[in-house]
Every structure is written in C-alpha cells, then in structure tokens.
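Chains as they are written, first to last, in the working numbering: chain A, 92 to 405; chain B, 11 to 258.
Hints are not guaranteed to be accurate.
[As the list claims (entries may be wrong)] Here are the simulated lysine to aspartate or glutamate pairs, EDC-like style, with alpha carbons at most 16 angstroms apart:
no., chain 1, residue 1, chain 2, residue 2
1, B, 229, A, 212
2, B, 64, B, 91
3, B, 241, A, 212
4, B, 253, A, 342
5, A, 309, A, 212
[Said to hold, decoys possible] Derived contacts from chain B toward chain A, CB cut-off under 8 angstroms, selection only:
no., residue
6, 36
7, 105
8, 133
9, 144
10, 146
11, 179
12, 238
13, 239
14, 249
15, 258
Please keep in mind that the hints were generated in silico from the structure rather than gathered at the bench. Ideal placement from N, C-alpha and C gives every residue a C-beta, glycine not left out.
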Amino acid sequence: MASLVIAEHDNAALKDATHKTVTAAAQVSSPVHILVAGENCATVAEAAARIAGVENVLLADAPSYARQLAEPMEALLLSVAGQYDAILAPATTTGKNILPRVAARLDVGQISEILKVVSPDTFERPIYAGNAIETLQAPAGKKIITVRTTAFVAAAEGGSATIEKIAAASDAGNSKFAGEALSKSERPELTSAKVVISGGRGLGSAENFKLLDSIADKLHAAVGASRAAVDAGYVPNDYQVGQTGKAVAPDLYIAVGISGAIQHLAGMKDSRKIVAINKDEDAPIFQVADYGLVGDLFKIIPELDEELSKRGYK
Amino acid sequence: MKVLVPVKRVIDYNVKVRVKTDQSGVDLANVKMSMNPFDEIAVEEAVRLKEKGKATEVVIVSIGPQQASETIRTALAMGGDRGILVKTDQMVEPLAVAKILKAIVDAEQPGFVITGKQAIDDDANQVGQMLAALLGWPQGTFAHSLELADGSAKITREIDGGLQTVEVKLPAVMTTDLRLNDPRYASLPNIMKAKKKPIEEKSPADLGVDIAPRFKVLKISEPPKRSGGVKVSGVPELLDKLKADGVI
Chain A
92 MASLVIAEHD
102 NAALKDATHK
112 TVTAAAQVSS
122 PVHILVAGEN
132 CATVAEAAAR
142 IAGVENVLLA
152 DAPSYARQLA
162 EPMEALLLSV
172 AGQYDAILAP
182 ATTTGKNILP
192 RVAARLDVGQ
202 ISEILKVVSP
212 DTFERPIYAG
222 NAIETLQAPA
232 GKKIITVRTT
242 AFVAAAEGGS
252 ATIEKIAAAS
262 DAGNSKFAGE
272 ALSKSERPEL
282 TSAKVVISGG
292 RGLGSAENFK
302 LLDSIADKLH
312 AAVGASRAAV
322 DAGYVPNDYQ
332 VGQTGKAVAP
342 DLYIAVGISG
352 AIQHLAGMKD
362 SRKIVAINKD
372 EDAPIFQVAD
382 YGLVGDLFKI
392 IPELDEELSK
402 RGYK
Chain B
11 MKVLVPVKRV
21 IDYNVKVRVK
31 TDQSGVDLAN
41 VKMSMNPFDE
51 IAVEEAVRLK
61 EKGKATEVVI
71 VSIGPQQASE
81 TIRTALAMGG
91 DRGILVKTDQ
101 MVEPLAVAKI
111 LKAIVDAEQP
121 GFVITGKQAI
131 DDDANQVGQM
141 LAALLGWPQG
151 TFAHSLELAD
161 GSAKITREID
171 GGLQTVEVKL
181 PAVMTTDLRL
191 NDPRYASLPN
201 IMKAKKKPIE
211 EKSPADLGVD
221 IAPRFKVLKI
231 SEPPKRSGGV
241 KVSGVPELLD
251 KLKADGVI
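Generate coordinates for the entire structure from the input sequences, incorporating the hints supplied.
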C-alpha cells in the first residue's frame with residue numbers, strides 16, 4: 092500500500108508545507124503519492140512530481156477544486172481513499188478543514204498535528220497548547236493525519252514521479268466560494284521564514300506596528316503577532332502566532348512587546364533562538380527567551396534598526 | 011430555526027497544566043474548569059441570532075461527567091433555552107463525539123449547528139467537520155463573521171492567507187474562531203433564571219453510540235524545556251550574540 096499527501100498550493104505554486112508532509116508520510120507508509128486538486132494547476136502537479144521519494148502524482152483539475160473547499164474535496168478523497176493506508180495533509184487551515192470530514196466518512200479517528208512519527212502506527216502530538224505531548228498508538232487500518240509542518244524537514248527535490256489525471260468526483264454542491272481578502276506581502280511566509288519578528292499589544296497601534304517592517308526587511312523576516320495585537324486590530328488575523336493561530340519554528344524569533352501568554356508560547360517555543368524585548372522584566376516571555384532585552388521598545392526598536400544598518404544589513 | 015450549540019467543559023485557559031509524573035495524563039485534581047473559550051463564542055453567536063429573530067430556540071449540548079451540566083448552565087445563563095447532557099465519565103474521542111452529536115441532530119432537527127473550532131485541551135480541531143460530514147451537511151469552519159439568509163449562510167473564515175467567504179446551504183455546521191464576537195458575561199438575574207431551565211440527561215448508549223476509544227494513549231509527557239536565557243545589556247551585545255549563533 093502507499094500513503095497519500097494532499098498538496099498545499101494556490102493553483103500556481105506548490106507550497107513548502109507539502110514537502111514537509113511528504114517527509115512525515117514516508118515514515119508512515121511508502122511509497123508516497125501526492126494529490127494535487129485545483130483548477131489549471133498542471134504546473135503544481137509538475138512541481139509535486141519533482142519531490143524526491145514521490146512515486147505518483149494524482150491530478151484532479153476541475154473548477155470545483157479551485158478553492159479546495161471541504162465538501163468537494165471530501166468526495167474526491169473518498170473516491171481514491173481505498174488505495175491508501177494513510178492520508179496526510181499539512182495542518183494548515185486547508186488541511187484542517189478537509190481531513191476530519193474524510194476521517195469521519197471512513198469511520199476512522201484522525202490524528203491531528205503530529206510532531207513526530209515514532210513508528211508507522213505511533214505518533215507524538217501536542218495537547219494543552221503544547222504544554223503536554225501525547226504519544227498515541229493508532230489501531231490497525233487507515234491512518235488519517237495532519238502534520239505540524241515545522242516539526243519536519245522538507246523532502247528534497249530530484250524526483251520524477253508520474254502524473255496521473257483523475258476524474259472529478261460529484262458532490263452535493265451545497266457550498267460555494269463567495270470571495271476572499273488575502274493579505275499581500277513580499278515577505279517570506281510566516282510558517283517557513285528563517286527569521287520571524289512578532290509584535291504584541293505593547294506596540295500600541297497599527298501605526299506603531301509598522302516600526303517592525305524596517306527590521307523585517309533587513310533580516311528578510313516574516314512579521315507575526317500575538318492574539319492581543321490581532322484582536323486590537325493592529326494587523327490582520329493571518330499574522331497570529333499561537334495555539335490556535337500559526338505554529339512557527341524559525342532559526343530566530345524576535346518577540347516585541349509580547350508578554351508571553353501560554354497560548355502564544357505554544358506557537359513559537361520550538362524556535363531555535365528566541366529574543367524578547369519587553370519593558371516588564373517579569374513578563375513570562377523572558378522564561379523562554381534565549382536573550383532578553385528589558386526596556387522601552389520605542390527606544391530599542393529604532394536603535395536595533397540603526398545598529399543593523401551600521402552592520403551592513405539592508 | 012432551531013440552533014444547536016455543542017459545548018465542552020475543559021481546563022480553564024488561564025491554568026498552567028501539569029503533566030503527572032507517571033505520564034498517565036495531566037493533573038486535573040482541584041483545577042479550575044470552564045467552558046471551552048471557542049464554545050463560549052459559539053453560544054454568544056447563537057444567542058445573538060435568537061435576539062435578532064433569526065433563531066427560535068438555542069439548545070446547548072455537552073458530553074461529559076455530571077459537572078458538565080455546570081457548563082451547560084453557564085451557556086443557559088448566557089441565553090440558551092435548554093440543555094442536553096450526554097453523561098459519561100470516559101474520555102470521548104472526537105469521532106465518537108461527532109456520532110453522539112449526529113444522533114442528537116437527528117432527534118432535534120436543528121437548522122444550524124455552531125460550535126468551537128477546537129477544544130483547548132486536546133487541540134484536535136475535528137468535531138465540527140466530522141459532524142458535518144456524517145450529516146452530509148456543508149460547513150463553515152474558523153468563522154470570523156456570519157451573514158444568515160433564508161436557506162443559506164455566508165460565512166467568512168480565518169484562513170492562513172487572510173479571509174475567505176463561503177456560501178453554504180442550510181442546514182450547515184459552523185465552527186467559531188476568536189474574532190467572531192466577544193462573549194457576554196451572564197448577569198446575576200440570568201444566572202438565577204438559568205437554574206430553572208431544563209437539562210435533559212442521556213447516555214451515549216441511549217443514543218446508540220459506542221464510545222470505546224480507538225486509540226491507545228501510550229503516555230503524556232512534558233515537552234522539552236527551554237533553558238532560561240540571559241538578559242543582554244543592549245542592542246550591540248544582542249546582535250553580537252545572534253551573529254555568534256549564526257541566526258542573523
């Protein structure tokens with residue numbers, strides 16, 4: 092048998108989350124196949140076919156998959172599920188939306204956000220906002236899994252899988268796409284950036300939040316935020332790092348004006364190095380930070396920006 | 011239209027959980043328990059639909075031990091009309107929860123189900139989607155805003171890239187994200203009134219659902235601890251250290 096990975100893409104480009112999920116899938120069941128479902132997404136299928144270790148790419152190219160809505164995706168996955176003993180998706184909002192439907196229809200429990208494949212039927216996953224790690228053994232039979240992508244390295248390029256076109260599956264047609272408002276940014280994606288700079292309520296306003304931009308530019312960093320900053324309207328929801336936002340694990344995470352609620356720590360404490368800048372020296376963020384800088388961020392941030400310029404970062 | 015709101019009793023979001031030394035679970039003895047925060051948002055949304063005249067009745071359901079009836083009471087004090095407690099002392103996996111809820115939906119015939127996108131204890135993020143699939147209903151997960159029309163709902167969702175709006179035919183399931191609303195605090199008179207609202211008790215067996223766990227939990231362990239770091243004197247020292255670590 093084999094495992095099937097649901098490709099994360101926007102019909103134009105294949106996302107890195109797919110490569111990381113392939114790494115997890117190969118540890119559960121080989122060979123690995125990838126499902127690319129979308130509209131006019133042949134280039135995505137070609138990119139998927141180049142991932143090392145992938146044997147076959149299923150391409151379902153139809154208007155009903157343009158946005159990968161959960162209901163048509165459920166029908167499509169059920170049409171191919173019989174051939175696989177594991178189906179995996181990255182734990183993105185797309186994967187989380189689709190996969191529990193498939194699990195329920197197959198009468199199989201889902202294993203959410205795995206951090207590690209201990210053995211092909213045993214997995215580690217975070218619970219209680221990452222304050223505990225559950226080691227779970229699945230029963231014999233199909234495994235339905237979402238993958239915390241920051242916990243796995245990306246599968247390399249260099250494969251040459253076959254691409255097999257598959258037919259669209261019919262579904263009840265009771266949902267449709269009705270619009271989107273996506274954040275546009277030239278910066279790297281939050282979940283795959285090597286450096287992330289995040290702001291919290293300490294920044295005080297949407298205007299002040301932009302102070303982080305210049306540093307982000309110099310360090311080629313993604314910009315994130317705490318829930319408090321998103322709730323206050325400083326930045327859109329897709330900036331949120333935390334238990335229920337995005338999990339990140341960059342080489343360097345810089346937390347600016349973030350106190351460090353457990354829900355925020357859940358999303359960033361696997362970063363390699365953490366820097367905290369906060370005026371309150373008792374803030375919980377300092378308990379996880381490798382380097383803490385206590386002081387007024389409105390003095391420190393311009394100073395940091397200037398010092399980076401002096402040292403040749405542009 | 012009747013709205014069904016499943017709620018879960020979980021460890022309070024402010025409590026720092028402790029893993030038991032024998033790795034059998036987390037310590038729940040004498041720990042403050044509350045309604046799952048995402049479910050509070052679900053209750054609030056349902057009550058607002060009733061206040062706007064779009065819902066006729068808000069039915070709260072919870073699956074858990076006897077104390078879960080307190081969680082139902084909280085939801086009734088916020089404005090729910092009546093409760094159903096599916097009583098069990100066992101841990102119930104998300105798939106079994108979805109099956110229990112399906113049995114309740116089959117009996118109650120609501121036009122809309124609203125629940126939290128995930129419970130902050132097992133962080134599974136599965137039940138709403140599973141319930142929708144078992145019912146053959148569409149879903150709007152991670153809801154940021156809702157526009158309810160006759161026979162359909164426009165649900166704007168928080169997705170990784172920003173916001174996405176889907177239009178689903180009713181009946182449907184919606185799961186809530188953080189910014190859908192700010193849940194109200196129940197007033198004292200409403201807390202008193204809630205004490206008189208009916209809560210019906212059932213068991214999983216009454217509903218014909220087998221809740222035997224499918225998965226075996228081998229252990230619950232502490233995550234790797236980060237060693238507490240150092241305070242640096244200023245920006246130049248910080249950058250020197252980051253450079254030495256090779257992260258900038």
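Going through the hints against the structure:
1. B:229 to A:212: holds (14 angstroms)
2. B:64 to B:91: holds (15 angstroms)
3. B:241 to A:212: Violated - the C-alpha atoms of residue 212 of chain A and residue 241 of chain B are around 43 angstroms apart, more than 16 angstroms.
4. B:253 to A:342: Roughly 12 angstroms between the alpha carbons, so the hint for residue 253 of chain B and residue 342 of chain A holds.
5. A:309 to A:212: violated (44 angstroms)
6. 36: Since chain A brings a Cβ to about 5 angstroms from residue 36 of chain B, closer than 8 angstroms, the hint holds.
7. 105: Interface hint status for residue 105 of chain B: holds (5 angstroms vs cutoff 8 angstroms).
8. 133: Since the shortest Cβ distance to chain A is 6 angstroms, the answer is holds.
9. 144: Given a least distance of 5 angstroms, the restraint on residue 144 of chain B holds.
10. 146: This interface hint holds because 7 angstroms falls under the 8 angstroms limit.
11. 179: Since chain A brings a Cβ to about 4 angstroms from residue 179 of chain B, closer than 8 angstroms, the hint holds.
12. 238: holds (6 angstroms)
13. 239: holds (4 angstroms)
14. 249: Holds. Min distance 6 angstroms.
15. 258: holds (6 angstroms)
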